[in-house]
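Based on the provided sequences and hints, a complete structural model is requested.
Chains as they are written, first to last, in our numbering: chain W, 53 to 171; chain U, 5 to 137.
Take these hints with a grain of salt, some might be off.
To be verified - Below, computed lysine-lysine pairings styled on DSBU-like, alpha-carbon distance capped at 35 Å:
(1) U/K16 - U/K110
(2) U/K66 - W/K92
(3) U/K16 - U/K66
(4) U/K16 - W/K138
(5) W/K92 - U/K74
The set of hints was computed from the structure by calculation and includes no laboratory data. All values derive from a computational prediction rather than experimental measurement.
Here are the chains, one letter per residue:
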Amino acid sequence: MYRGREGQWAFYLHRISGVAIILFLTLHVTEISSSMFGPKWFNALLAFEANPIFGLGLVAVAALVLYHALNGLRIILMDFTSWGVKYQRQLWYGVWVLYVIVGFPMLFAMLGHVFGGGE
Amino acid sequence: MAMRARQFEEAKRLATSNLELAWWIFMRVSGVLLVFLVLGHLYTRAVVFNFHHELNYAHMVKVMNSPVWKFYNWVLLFLSILHGTNGLRYVIDDYIASGRVRAWVKVLVYTFVFLVTVFGTIALWGWRYQPMG
Ligand code: HEM
Ligand code: HEM
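See the structure below:
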C-alpha cells in the first residue's frame, strides 16, 4: 500500500481498534444506562460481570483505545503539518514508545482491580 | 465514499462534496477532543476508580445526578458515537461492494446506533436516580 510496511500495519490496527471500540461503546452505553431499571437489576448485572473474563475484556478495550488515540494523533500530525508525512515512520515508533510509557502503569492498575480484590 | 486522503490539501481535492470534507475535518477535530475525554474517562473510571468493586448503583446515583458529570458524559457520548459511526461508514464503504447490501447494512447500523444514543441520553438527562433504601 501507499504508506509502506509500517503504514499498512498502522492502518489495519487503527481500523480494527476503531471498529472494536464503537462496538464496545454501544454495549457499554446500554449497560450503564440500564441502571435506570433500578438497583436490583443493576447490581445483579454487575455481580454477573464480576467474573475476571469481563475485567480482562475492559483491559483489552483500554489497550485498543490507547493505540487508536496515539496513532490517531499521528495521523492528524501527518495531515496538518508539512513534516508529518516525512517523519511518519519515526512517528510510528514514537507511538509505541508512548504506548509503553502510558500503557504499562494503566495495565498494572487495571489488573490490580480485576485480580487484587478491593476495599 | 470514504476518502483515503492523508493531507488537508489532498482531502480538499478528493472530497466529492462539502459534506464529505466536513466529515474528514470532523474526524480530526473530534479525535483531538476525544483524546482528552476518553483518556480522562479511562483514567478516572478504570485506573483511579476500582471498577470491580466501586461501580455499583450507589455510584450511579452520585454521578448521574451531578450536572458536571452529566455534561462530561454527554459530550463523550455524542462525540464518540458520531466519530465511531462515521468511521464505521468508511469501513462499510470499503468492504461491501454491492450497493443494495451496503444500503441495508447502513440502515441497520444507523438505526441501532440511534436507539442506543437515545437510551444513553435519557439515562443522562431524563432520569432521577432514587437513592437506595
Ligand atoms: C481517543 C481519541 C481518538 C482519536 C485521536 C481518533 C482519531 C481518528 C482518526 C484521525 C481517524 C481517521 C479518519 C479518516 O480516515 O478520515 C479515525 C478513524 C476511526 N475512528 Fe477514531 N479517534 C479517536 C477515538 C475513537 C473512538 C472513541 C472510536 C469509537 C467509538 C473511534 C472509531 C474510529 C473508527 C471506526 C474509525 C475508522 C477507521 C478506518 O476508516 O479505518 N475513534 N480516528
Ligand atoms: C474500559 C474501561 C471503562 C470503564 C471501567 C468505564 C466505566 C464507566 C462508568 C462507571 C460509567 C458510569 C458513569 C460515570 O461513572 O461517569 C461510564 C459511562 C460512560 N462511558 Fe465508560 N468506561 C470504560 C470505557 C469507556 C470507553 C472506551 C468509552 C468511549 C469510547 C466510554 C464511554 C462512556 C460513556 C459515553 C458513558 C456515559 C453513558 C451514558 O450515561 O449514556 N467508556 N463508563
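We went through each hint and held it up to the structure:
Between the alpha carbons of U/K16 and U/K110 the distance comes to roughly 25 Å, so the proposed pair stays at or under 35 Å and holds. The suggested pairing of U/K66 with W/K92 holds, with an alpha-carbon distance near 17 Å, which does not exceed 35 Å. Between U/K16 and U/K66 the alpha-carbon distance is near 46 Å, which puts this suggested pair outside the 35 Å criterion. Simply put, U/K16 and W/K138 have alpha-carbon atoms about 20 Å apart, close enough for the 35 Å limit, and the pair holds.
Distance hint between W/K92 and U/K74 is fulfilled; the C-alpha atoms sit about 23 Å from each other, no more than 35 Å.
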